[in-house]
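Visitor: In case you want the letters, here they are:
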Amino acid sequence: MSLRKVANVVGLLQAFVALAMLATGLVALGYGDGDAGAFFVAAAVTFLVGWATYMATRFDEDVTTREGFAIVTMAWVATAVFGALPYLLSGTLDSPVAAVFEAMSGFTTTGATVFSDIEALPHGILLWRSMTHWIGGMGIIVLVIAVLPYLGVGGMQLFRAEVPGPTPERLRPRITQTAKLLWLVYFGLTAVLAVLYLAGGMGPFDAVNHSFSTLATGGFSTRNTSMADMSPFIQWVTILFMYLAGVNYALHFRAATGRILYLRDEEWRFFTTVLLVSAAVVTVLNLLTGSSTGAESAVRDGLFQVLAITTTTGYVSADYEQWVPGARMVLFALFFVGGMAGSTSGGVKALRVMLLLKAVGNELRRHLHPRAVLVARINGKPIKGEVAARIVGFVILYLLLCLAGALALALTGIDPLTAIGGSIASVGNVGPAFAGLGPTDNYGWMTSPGLGVLTFLMLVGRLEIYTVVLLFHPELWKARGAFHG
Amino acid sequence: MRVVVVGAGEVGFHLAQRLSEEHQDVVVIDSDADQVEHASQHLDVQVIRGNGASISVLKRASVKNASMLMAVTSQDEVNLVACLAAKRLGVAYTVARISNPDYYEPDSVLSREQMGIDLVVNPERECARETFLLLKNAAFTQVAEFAGGKVQLVGLKVREGAPVAGRTIRNLREQFEGGYHYVTAAIVRDGKTSIPKPDSTIEAGDLIYLLAPTAEMEAVPPLAGYDRFRLKRAMIAGGSAEGQYIAELLEEHGVQCTILDRDRRRCVELAEQLPRSLVLHADATDLELLEMEGVSGVDGFVASTGNDETNLLSSLLAKEAGARKVLSLVHKFEYLKLVPAVGVDASVSPRIAAVNAILRRVRRGRVVTVASLSRIEAEAIEFVVGASSRIAGKALRDVAFPKEGVVGTILRGEEIILPRGNDVLLPGDDVIVFAMPEAIPEIEALFD
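Protein chains in written order, with my numbering: chain D, 1 to 485; chain W, 1001 to 1448.
You can trust all of the hints, since none of them are fake.
Among the chain D residues that face chain W by a calculated CB cut under 8 Å, a handful are:
| # | residue |
| --- | --- |
| 1 | H369 |
| 2 | R371 |
| 3 | A372 |
| 4 | V373 |
| 5 | L374 |
| 6 | V375 |
| 7 | R377 |
| 8 | P382 |
The set of hints was computed from the structure by calculation and includes no laboratory data.
Here a beta-carbon is modelled for each residue, glycine too, at the ideal position from N, C-alpha and C.
Whole structure, please, built from the sequences with the hints as guidance.
Guide: Printed below as a string of structure tokens:
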């Protein structure tokens, strides 16, 4: 474990974060809300610190797996810390903890906010929130790998540690090319959505912000009521694009280039089925109990909220806390599922849920046939026993983390239901939760310790637990140099 | 015709024997002294000791005068190199025994042409195919395919009270008009084979051989007094290559399949390869486990380990437990005779299956296919009618066809014709003839 290497790569990444701040600052200058200066100062500080660190710690060796974990985790921590500067410098937030929370919520595409009156914020800050979503959605490191081939062999370690899902697909032999293609799909979809929003009557500023937020499955809006007051057309377009953002980007790429049909992908079928069935249940319950009026709005509300939760976007089109318990419980279950592996969404991921169900099915079958040798398959391909075991381990760890988070929140004095909801929504990078953190509430009332816990949970959830948790494993720090790989 | 056979193992030995019986000049090459000794003592062939893949050894076998080389050692690579070398030395037709599908699959980097191979035979797959056909058609003791599977030759025992029992061939044709689409190719009674004439009678207890379009075969067992049989569940004891291929065929045909092997790592491989089969880590002779996994209720059971004794024991246990049709793979020729005695329904010899597969597909003059059947002397031969064949253009009743032979089916394009006396053979027709060995030269002359 070489801290020098860690500092080096993290420093370099901050230079990129500074560029994003600079771009936001220029837009802010155009709107003249008076927050542009904060961005320029933040950009300058971030760039200088990042670049100086980078120049002072240059190295020639490759990055090992262990260093990869540390680099990715520290990169995200540093990005959230520097990303909090604009909030503090512009005076929109006074508490550093709240500012880091807001930045972390942005980069991890959680979409939980401490602001109660969003519409009062200056344009620059609003854009920065959406910008953090957009950068964090596909991943800071994936972005840098796409631009900078120099990360080389070590790049794969970082890529693996950052991309959601058990084993990231390689679309091209070189990791740089893969990263470029992923960003290409991401950028293309974002541009299309922005045009559709414009066509639907949204102003240019709102259109850009919401398309950033939707494709990243983030959830920050420029409106106090999120998506609730938008036209049905805008909501339908958002439904479609939340769905697209929840699908594996590598699958999008392969489908667009005609190499595979969506229908042929088992995880896609599972993900889509879960969504449709859940939406149908919610819609029917809402129609029966009169929570929604009219068939179209019932279907739209059902689909919208199911997708907003499952893809972990966290937009709100209807206050689901007013729905019947059955419908709320469906949503609660969906907090865990998440999107497909290789998408921008959070949660456990459809692939892991599917494999877990298959593993459970195999265990049941083993009771009938004690001598059976059973192999779980995805898309007809057998999954090796150790991979399946790791996935089961992941799900258990995920649930334990949710529980531990809820416990920590409750210790800060928050009521249990709110604590459970907040913990699950943060680990899954969803945003809105239940009770005190419901769809119409915000996180502004929480104390600093509570926000600190949630900030940590969001990070661990975004980096899929192992990357961060391994840093706390003593063996990672021992046996230095004895193991490279 | 001079034929070089590389490898004097069980496949090579049997192949050389069959070819020499057909009056071919056979040269056998093997590097093992014992095999060489065995072959030279038992076969009327020239035997050379040496590496069949080496050019000098092939030259010593004067391979350039040979019209055919069959490389059938158990090593794919030796067979490949032998064929490649033989082709370079001017051999017209080469046959390679290859087990690893990587070497012959269509998307393989090296095409068959590049490797100088005219025919690739995978003995394990041939054996699995034959076993599968026997399993699927429970009443049959033997099944051979012709014309790419469009026509089958089947053998089955006529039961007491069967609709066909006690009738003459002519009577059958008249009585079952519109419902009897079969040519009775041979009758075996008391161990003696005869080619039936129109007034021959089929008796209960006869082993009869029928030729017909594959699609019509489903109705055969009831005619011979068997219940309709549908293979729904099968169990395969032994995860050998043959066992795996059988399971693959069963899966393709929607049969619920259980396969077991005693090696755990092999089981994992099988589980990965066979998505719809249940793979069990167990011994083929573990009766308690077989019963727990429902061996008594299976329609078909195949013992397919690499060990004959285990196979016979395992199939006996399965038969005893109540499996409906029980098959066993038998490698040693000496054990084949035991199969009826121990009560196993049918057996398949991987080596004979391989030899048949080779001989059936080698085009020798006008002959396309030969199927030798293990329990009778008669052979089924697929001829192509040439423009200059003596038999071309004549009605069958006007041809002096030998008494010990019968024209089974005529394939004209996609059409399958069951011949009558007034049918005329046209050039290009594929004709399947069933004949006793003594009549074969005369029949060959008719088609020349």
